[in-house]
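J.: One letter stands for each residue in the lines below.
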Amino acid sequence: MKRYDLIVVGAGPSGLSAAIEAARCGLTVAVFDENAKPGGQLFKQIHKFFGSKEHQAKIRGYKIGETLLSEADAVGVKVFLNATVSGMYMDKEILVRRGDAMEHCKADAIIIATGASENMVTFDGWTLPGVIGAGAAQTMMNLYSIQPGQRVLMLGSGNVGLVVSFQLMQAGCEVIALVDASPRIGGYGVHASKIARCGVPFYLSHTITKAEGPDCITGVEISQVDDHFTPIPGTQKHFDVDTICMAVGLSPMSQLLKMAGCSMIDDPRRGGQVPLVDENGETSIPGIFAAGDVSGIEEASSAMIEGRMSGLSAAAYLGFLSEKDKDSSLNELEVALNSLHQGMFAPGSKGKAFTKTDEGIAVSQSLLKKGYLDEADIARFNHFDKKSGVHPVIECTQNIPCNPCQDACPKDCIKIGKTITALPRIDADSTCTGCGMCVASCSGQAIFLVDEDYEPGYASITLPYEFLPRPQKGDLGTALSRSGQPLGVAEIIDVRSAKAFDHTTLVTMKVPVAQAMTARFYKREAQRAEL
Amino acid sequence: MKSINDRSQDIGPFVSQTDDGVIICRCEEITKGEIRQAIHDGMFTVNEIRRYLRSGMGLCQGQTCGRLVKNIVVQELDVIPAQLDPATSRSPMRPVEMKVLGNEEVTHV
Ligand SMILES: Cc1cc2nc3c(=O)[nH]c(=O)nc-3n(C[C@H](O)[C@H](O)[C@H](O)COP(=O)(O)OP(=O)(O)OC[C@H]3O[C@@H](n4cnc5c(N)ncnc54)[C@H](O)[C@@H]3O)c2cc1C
Ligand code: SF4
Ligand code: SF4
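Chains B and A are the protein sequences, given in the same order.
Under the UniProt record's numbering, the first residue of the first sequence is numbered 1, with each subsequent residue one higher.
Under the UniProt record's numbering, the first residue of the second sequence is numbered 1, with each subsequent residue one higher.
If you are wondering where the hints come from, they were derived from the structure by calculation, not from laboratory data.
It cannot be assumed that every hint is accurate.
[What the hints assert, rightly or not] Covered stretches of chain A (chain B as the covering partner; in silico rule of three or more C-beta atoms under 8 Å from a C-beta of chain B):
| no. | segment |
| --- | --- |
| 1 | 47-56 |
| 2 | 67-81 |
| 3 | 93-104 |
[As the list claims (entries may be wrong)] Simulated crosslink set (SDA-like; lysine to any residue; CA at most 25 Å straight-line):
| no. | chain 1 | residue 1 | chain 2 | residue 2 |
| --- | --- | --- | --- | --- |
| 4 | A | Lys99 | B | Arg98 |
| 5 | B | Lys210 | A | Glu28 |
| 6 | B | Lys63 | B | Gly484 |
Every residue, glycine too, gets a C-beta built ideally from N, C-alpha and C.
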C-alpha cells in the first residue's frame, strides 16, 4: 500500500490550493481526481472572476486553474487523474479506482475537497432528453465545444444561472427566458444586466410546470407561483425551446466524510449535508479536513482560501509547521476570507431583501425584478457625474466583493477603498484618458465610457463586447437599451482589443446624444437580418 | 412536530396526487407515487425506502434523487428536513464493476 504524508481528494481550486500549501511545508502530497482534467469547476469557467487582486479577480476561471496546476507541479505535488476515490475509512485509508483496478492508499492526514453536485427539480417531463444541468451545459460548451441546444430556457437566476445563460449566448444559443420561483433575481445585478441588455426576459415568481415533447424537448410551459411556490392555475405560458437548463443550486458531495465517520449536519444555508468543521476545516476526526464546496457551497475564491487554510493546518497537525507560523499564516487568510464574506450576497445574508446599500442609497428594485437599472436608479447612484469629454459611467450598484476596477485605472479615477464590497465611485479630481482599462477589467461588464460631446448631436459609448464575430469599424447596427430594446441605428467608430484586455473587445459606437445614458449594447446588422 | 421514529402514528390514508407519475429516481425509474405509497407502507426513512424500492441504488448512487426523496418524506410525514438522515454512505460511492472491485492492486504506479 502506498503511503503519503497527505492525501487530497479533488483537484479543484480548494484541493489544489491545499496541496500546494502543504507541499511547500515539506509534506509528500498526492491529489486524486476522478476527472480526466484537473481544476474542478474552474476549467469550465471562461468568465472573469470577482474579488480583489489577492483573490485572482478579473482573471478568467480556467486561467486560475492553470496557474494552480503549474504551482502544484513546481512544488512536487503528485496529481493522479482518472482516479476515483470510492471509499474512505477511519484510519485515513482510501480506496481508489484507477483503470480497472482498485488501489488502497494511506496518509497521515486527508483533505476532502470533492466539491458539489447539481440539484434538480422535478416537473412533468423532466427526464426527457434536453433537460440538463447548467454545469453540464457549461462542460459541453467550454470543455468539449458542443452547443447544448439552439433555444434554451434557464431555470434559476442565481449567479450560476446568470453566468451560464451568458455563456450559452456566447456559444451561439438563443436564451429564450430566465425563470425563477423567487420574486427576486438571486445573483449579482451586474451579471443579470449583461443578459437583460441582450433582450432576455426574466420571469420571476414563475416555475416550470411541464416539459413538452414526444421523446425530446420541443417546448416548455411555465406558470406563476404563489407565496408558497405553488403554481397558480390559468397563468401558464408556453415557449418553443429544445433545451431546458437547470441552475437550481448545488449539494455538497460529502459521502466520503460521512462514511469515514465524521460528524455531519444538515445545514440548508451551506447546501445540505456538510461535515462539522472548525475554522480551519478540521472535521471531528483529527487529521481529516474538508475544504471548498464540500463543506458549504460558496465560490472558487473562498474555496482557494479554505484550501490553503486546511493545507497549512494539515502541515501543522503533522509537525511540519510550528503552531506560531501556522497561526500567523492563518490569521492573514482569515482576514482575506472575511473580506469575501461581506456585502449583500454574503453567506449570512442569503434570502435577505436589502432596501439600501451600505452607502445608504435605495437599491434598484428594477434590477432585482427585471435585471436592469431603470432611469430613476441611474440618477440615484450619484457616481454617474457628468463631465465634459470621455468619462466612465459605472453601473455597479450592489455591495459585492469586487474591486478590479479600482486597480485597473492608471489615473486613479475609480475609488472603492479598503472595504472591497463598497460601491465604486468616480473621483471628480482625476481626469480620464479613455484608455478603456476599467471597461475591460470589470468582471461585471458594468463600466461604459461615454462622451456626450463626441460630435455635435452625437455621443460615443464604449462597451465591453465578448461575442464573435467582432463588429468592424464602420459597421452599422442597432443600439440596444439596458432592457435590450432597440433604440435606433448605431455606427461602430472604434474596435479595440489588446492583450491587457484579456479577450474582451472594446467596441465604441456612435449614437444620438439623447441615447448617451440609455444605449448600452450593440446588435450587429447581420443579427438584425437574422431576426 | 412529529417524531419520525413513532411508527404507530397515523399519517392518514394514501391520497393520490396529480404528479404521482413523475419519476423521481431516474436510474431505477421510481415514481413519486411509489415513494409516497412506500411511506404509507411504513417506510419512514430514506434508508428504508431505499431498501424497499431501490431508489438511489442505481448508476448515480442517489446523487440526483437523494434530496428529492428526502423532500417527499418531509412533506408526507410533515417533519422538518433536519430530522431525517440521508441514506447511509458506504464504499464504493461510485458504481464500479464487480471485476474491477475484485481486482485490488497491491503495487502502486
Ligand atoms: C457556472 C458557475 C460559475 C461560477 N462562477 C464563479 C465566479 O465567478 N467566482 C467564484 O469565485 N466562483 C464561481 N463559481 C463557484 C466555484 O466554481 C466553486 O465554488 C469552486 O469550484 C469550488 O471548488 P472546490 O475545489 O470546492 O470544488 P470543485 O471545483 O467542484 O472540485 C472538486 C473536484 O473533486 C473531484 N472529485 C469529486 N469527487 C471525487 C471522488 N470521489 N474521487 C476523486 N475526485 C473527486 C471532482 O472531479 C472535481 O475536480 C462558479 C460555479 C459555477 C458552477
Ligand atoms: S478609461 Fe482609463 S483613465 Fe478612464 S476611468 Fe477607465 S481606466 Fe481610468
Ligand atoms: S464596477 Fe468594479 S466593483 Fe463593480 S463589477 Fe465592475 S470591477 Fe467589480
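J.: State the violated hints by number, sorted upward, taking the hints as numbered earlier in the document.
T.: Of the numbered hints, 1 and 6 do not hold.
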